[in-house]
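> Here are the chains, one letter per residue:
There are 2 protein chains.
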Amino acid sequence: MTGDLTTPIDILVSEVGPRDGLQNVEAIMPIAARKAWIDAEAAAGVREIEVGSFVPAKLLPQLAGTAEVVAHARTIPGLTVAALVPNARGARDAIAAGAHKITLPLSVSETHSLRNLRRTHEQVLAEAAEIVAMIRDLPAERRPHFEGSLSTAFGCTLEGAIPDAQILRLAEALMAAGCDEVGIADTTGYADPASVKRLIRILRGAVGDEAVQGIHLHNTRGLGLANVLAALDAGLTTVDSSLGGLGGCPFAPGASGNIVTEDLVFMLEAMGLRTGIDIDALSAVREILNDNLPGEPLYGFIPDAGLPLGFRTASQPSEVEAA
Amino acid sequence: MTGDLTTPIDILVSEVGPRDGLQNVEAIMPIAARKAWIDAEAAAGVREIEVGSFVPAKLLPQLAGTAEVVAHARTIPGLTVAALVPNARGARDAIAAGAHKITLPLSVSETHSLRNLRRTHEQVLAEAAEIVAMIRDLPAERRPHFEGSLSTAFGCTLEGAIPDAQILRLAEALMAAGCDEVGIADTTGYADPASVKRLIRILRGAVGDEAVQGIHLHNTRGLGLANVLAALDAGLTTVDSSLGGLGGCPFAPGASGNIVTEDLVFMLEAMGLRTGIDIDALSAVREILNDNLPGEPLYGFIPDAGLPLGFRTASQPSEVEAA
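Line by line, the protein sequences give chains A and B.
Note that our numbering has the first sequence beginning at 48, numbered continuously upward.
Note that our numbering has the second sequence beginning at 48, numbered continuously upward.
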């Protein structure tokens with residue numbers, strides 16, 4: 048594995064640990080370690096990394112300095128540098144820092160939206176429109192890809208299931224506002240393979256296949272990878288995950304929140320789907336987390352169990368081909 | 048949930064904890080507790096339980112007294128009482144005890160077969176033929192269902208991948224010997240969703256759909272439930288699992304071996320597939336394991352995370368229907 052991020056892949060694994068992971072741990076990882084983490088994952092072949100979130104440092108000190116991290120990540124050839132933004136002000140900062148992709152979450156549960164972002168649906172949609180206007184004022188080569196992400200899409204711990212009509216209305220509103228893509232996030236770990244397929248089908252029916260490509264799943268109830276399989280069956284090509292399963296609001300000890308990148312890559316490669324990622328090199332990156340987040344539990348089966356005897360990945364050329 | 052084991056189901060969850068679980072822990076669970084475990088799972092709606100293994104007690108003291116456990120389990124109306132047998136002598140004992148279903152493992156890796164059972168493939172097939180002759184001598188109402196189970200079907204830690212031709216030859220030989228069914232077991236945790244679908248397809252092509260209905264999957268590399276989903280997609284209707292993920296040769300701490308029954312039932316019910324099992328009642332059975340296997344780790348996400356807000360199972364009638 049050369050760290051060449053331009054070879055063909057089948058599925059885009061989008062690493063969210065440096066954002067979603069660090070946001071949900073108490074310890075503060077030094078900026079230098081965050082950069083080293085990103086460097087090491089890119090060297091292992093990871094093509095897209097959500098490197099941080101543009102929220103005020105006083106609200107989320109773990110992610111202070113994200114602009115500096117974005118600027119560093121942009122120096123890695125071929126890497127797509129993504130960032131989360133809570134609002135138009137955050138988007139302005141993300142664009143100034145040079146993020147290639149920005150994601151604005153919109154919780155389909157209005158109760159959750161009010162509690163989490165202190166905004167109604169209409170207020171979040173207004174932020175989306177403002178971000179689109181900002182992007183359209185940029186020269187073409189500086190315009191980031193803009194995703195509106197439907198969080199609590201499979202149900203909310205406060206409201207329970209959200210009606211389809213409300214989810215579709217919000218997806219259509221995001222696209223009407225000018226988003227490039229609508230993401231799906233199982234914030235609460237409520238999804239199951241049937242609901243994943245169903246939601247993707249109706250969303251694609253409403254806003255088009257091209258506008259629905261990626262999903263952010265949690266492993267709160269152990270169905271993370273089964274839900275990934277359902278999402279792939281339904282045609283998605285981008286899956287979020289976190290190294291060591293860090294973050295994702297784990298509900299209980301032993302219950303990892305985010306899908307574990309190491310296990311996800313193993314599943315995909317075992318199935319013959321190219322991710323471009325070297326599993327051993329990826330697993331080795333855990334050392335950076337162990338060193339910089341002492342005592343923080345890391346999840347994942349592959350780092351402990353190892354690869355099957357004679358395992359062949361889809362991404363790496365065979366010895367004959369490489370010779 | 049009334050404990051009525053005759054209502055319609057879509058997927059048969061076959062609990063193997065009292066055999067596969069107890070076989071792989073050091074502690075010895077008292078026979079009374081093994082009976083109580085079986086009683087409680089049946090009361091939660093579990094339709095089939097592998098209650099033990101007919102091996103000499105000096106080899107596997109954890110499973111001593113299996114005949115007594117079988118006799119007890121047979122008193123539960125509607126429960127299918129299954130038992131593992133290593134050879135014809137074990138089958139004779141299982142039949143005498145009254146098991147409804149007996150399973151003879153045949154490792155498709157001959158190296159593994161020699162190390163594990165000290166028998167070549169031909170010797171195991173000869174045992175199968177002897178068991179069939181024994182069964183055919185019985186009056187029809189006393190004949191158990193006889194499954195030959197292909198273990199290490201997705202690869203062996205000693206031999207790696209086993210050639211398709213060898214697996215198919217053994218499956219055909221088991222059916223030719225007179226087995227009712229050929230099972231598939233991912234003994235090593237090497238399976239992935241693509242290999243699961245593929246093996247089911249070629250096995251069904253060789254011996255017929257009716258002869259390939261069930262699968263025994265491990266969660267060694269975290270793909271257990273994703274592999275279940277693949278098996279269901281390929282048409283299987285019976286899935287083995289173990290309460291709390293007990294047993295299944297866990298490879299490393301934190302890496303459960305068997306699929307966790309609680310999480311499996313949650314996934315199936317969430318997908319609208321009826322198992323007949325009450326998830327809360329099932330999770331409560333963990334207390335019997337905690338009380339009788341002190342210190343033994345139990346796995347599973349659902350017992351910690353709980354059910355989603357407003358969760359509706361497929362199996363339980365709604366309040367309106369029940370009224």
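Simulated from the structure, these hints should not be mistaken for laboratory data.
Model, not experiment: these values are computed from the prediction.
Every residue gets a Cβ at the ideal spot worked out from N, C-alpha and C, and that includes glycine.
Among the hints, a few may not be true.
Keeping only pairs whose Cα atoms sit at most 20 Å apart, straight-line, the calculated EDC-like set for lysine to aspartate or glutamate is [stated by the list, open to error]:
1) A/105 with A/51
2) B/244 with A/211
3) A/244 with B/227
Here are some chain A residues the structure puts well away from chain B; computed CB gaps all over 12 Å [as the list claims (entries may be wrong)]:
4) 79
5) 122
6) 165
7) 187
8) 236
9) 239
10) 265
11) 266
12) 280
13) 319
14) 347
> Find the nearest Cβ of chain B to the Cβ of residue 265 of chain A and say whether that gap is larger than 12 Å.
violated (10 Å)
> At 12 Å, judged by beta carbons, does residue 280 of chain A keep clear of chain B as stated?
violated (8 Å)
> Would the non-interface assignment of residue 266 of chain A survive a Cβ cutoff of 12 Å against chain B?
violated (7 Å)
> Per the stated criterion, does the least C-beta distance between residue 187 of chain A and chain B lie above 12 Å, as a non-interface residue requires?
Holds: least Cβ distance 40 Å, greater than 12 Å.
> If we take the beta carbon of residue 236 of chain A, is the closest beta carbon in chain B still more than 12 Å away?
Violated: least Cβ distance 7 Å, not greater than 12 Å.
> Do the alpha carbons of residue 244 of chain A and residue 227 of chain B lie within 20 Å of each other, as the hint requires?
violated (35 Å)
> For residue 347 of chain A, which was marked as not at the interface, is the minimum beta-carbon distance to chain B over 12 Å?
violated (7 Å)
> Does residue 211 of chain A lie within 20 Å of residue 244 of chain B when you go C-alpha to C-alpha?
violated (32 Å)
> Determine whether the non-interface label on residue 122 of chain A survives the test: each CB of chain B must be over 12 Å from its CB.
Per Cβ check, residue 122 of chain A is outside 12 Å of chain B; nearest 34 Å; holds.
> Should the label of residue 239 of chain A as a non-interface residue stand, given a Cβ cut-off of 12 Å to chain B?
violated (4 Å)
> Does residue 79 of chain A really sit off the interface, with its C-beta more than 12 Å from all C-beta atoms of chain B?
holds (30 Å)
> For residue 165 of chain A, is the shortest CB-to-CB distance to chain B above 12 Å, so the non-interface label stands?
Check passes; 22 Å lies beyond 12 Å.
The structure fails hints 1, 2, 3, 8, 9, 10, 11, 12, 13, 14 (numbered hints given earlier, in ascending order).
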